[in-house]
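Numbering-wise, the sequence shown is residues 1 to 351 according to the working numbering.
Treat the hints loosely; a few may be bogus.
Stated by the list, open to error - With a straight-line cut-off of 25 Å between C-alpha atoms, the simulated PhoX-like cross-links for lysine-lysine are:
1. Lys237 to Lys214
2. Lys214 to Lys109
3. Lys197 to Lys176
4. Lys197 to Lys237
5. Lys109 to Lys237
6. Lys216 to Lys109
7. Lys180 to Lys197
8. Lys216 to Lys183
9. Lys216 to Lys237
10. Lys197 to Lys214
Simulated from the structure, these hints should not be mistaken for laboratory data.
Please read these numbers as outputs of a predicted model, since none were measured by experiment.
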Amino acid sequence: MAISRNKSANNGSRYAAYNSSKMGPAGYEVVYPSLQDQTDAEFVSYKDKWKKKAPSVWASKPFITVILLDSYLRAARLVAEHYMAAVGRFYNMCVVLTHYGYVRQYTGKDTAIIEETLAVVWRLLYEGLGLAGWTPPARLFLALLVAAAGNLNRNPANPKFTVEQDGDWEDGGYPKWWGKGLKPKAPRHDTPSNQQKGAIPYMVNIMGIDHLPKAKQITKLLIWSCKVSMDWSAIEKGQARVAFMEESEVQTAAVYGALRRADQGADHAGFEELASQAIMFEMDIDEGDAIYPQSCLRMVIDQETGLLQPWAKAILGSHPLLCETLETAALTHSRIEDYLHGLSAGGEMLD
């Protein structure tokens, strides 16, 4: 048994809405068309879970496994990379798409495609390919996703990728249709067209969502959400590529990045931005001539008036609740950062 939906039948109708929601248990029915045939569904019975966690069904003590040191170190690196990159990337995509869904819902727009996409990104990507642990298909999917996100501007209708030979990709476990030792990457501007392939069919295949009529549109939304999260990361880290981003890209990334930091209740980039500005002031460097770490929360408000920027309001559909929530969070963090930075600059620190 993978999932039980007896709550609504046994405990009253108050569970019916939850059980039928694509953001609840029904989300698994979206991504896994036949739960009975789905061998790696994340929610399994207590007995199944115990079998997975036990060292052996029969053994009374743990197994001792002999493994070469270099194999162990490589496995440890891959697992660490997975949890540091894939899981975080998938979660940030969840955040982008969840807030995008709120904007569409609160502004009276259709949310059907977003609901299905949220089921895919939360249940299949974040839980299935992310939290469930490192696997070669998960590694391949993330590489295709990042490559497609990097190519989205050039090919918005059909994001593409290219490949390079990489010795670190020569192990087994990848889909049979994937060439041995090939690593996906975003095409350069001078990459020949015959060396570029559309990423969406490959991604749909790995996710196994061919049964969804709008699988292509869902995958494009996933790629877009990945790009937005990569863009706000570039803004916060002060990466040089920010200088080549369109104004609309920067603004979209700033809004969704600000919403992410507001959710977290933390804004490390705010302190880095203030510290960078102080250094540039001392060195007499014009801020307009430099790319430096910037806080998305600080970007979305006017620092003098404390009001949300007009472009941020537009991205939020000018909905009062959404705008007020983001404005309050951004202003609060900005004022706290200003206060603490001022204490630090004056040589005084809080107890």
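Verification of the hints:
Between lysine 237 and lysine 214, the direct Cα distance comes to roughly 35 Å. Violation of the 25 Å bound is thereby established for this hinted pair. Restraint check for lysine 214 and lysine 109: the C-alpha separation of about 18 Å stays at or below 25 Å, so the hint holds. Of the supplied pair hints, the one linking lysine 197 and lysine 176 holds, its CA atoms being roughly 17 Å apart against a limit of 25 Å. About 30 Å separates the Cα atoms of lysine 197 and lysine 237, which puts this hinted pair outside 25 Å; it is violated.
Restraint check: the Cα-Cα separation between lysine 109 and lysine 237 comes to about 34 Å, which exceeds 25 Å; the hinted pair is violated. About 20 Å separates the Cα atoms of lysine 216 and lysine 109, which keeps this hinted pair within 25 Å; it holds. Using a Cα cut-off of 25 Å, the hinted pair lysine 180 and lysine 197 holds, with the two alpha carbons roughly 17 Å apart. Our distance criterion of 25 Å between C-alpha atoms is met by lysine 216 and lysine 183, whose separation comes to about 23 Å.
With a CA separation close to 32 Å, the supplied pair lysine 216 and lysine 237 exceeds the 25 Å bound. For the given pair, lysine 197 sits about 20 Å from lysine 214 by alpha-carbon distance, which is consistent with the 25 Å threshold.
Against the hints set out earlier in the document, violations occur for numbers 1, 4, 5 and 9.
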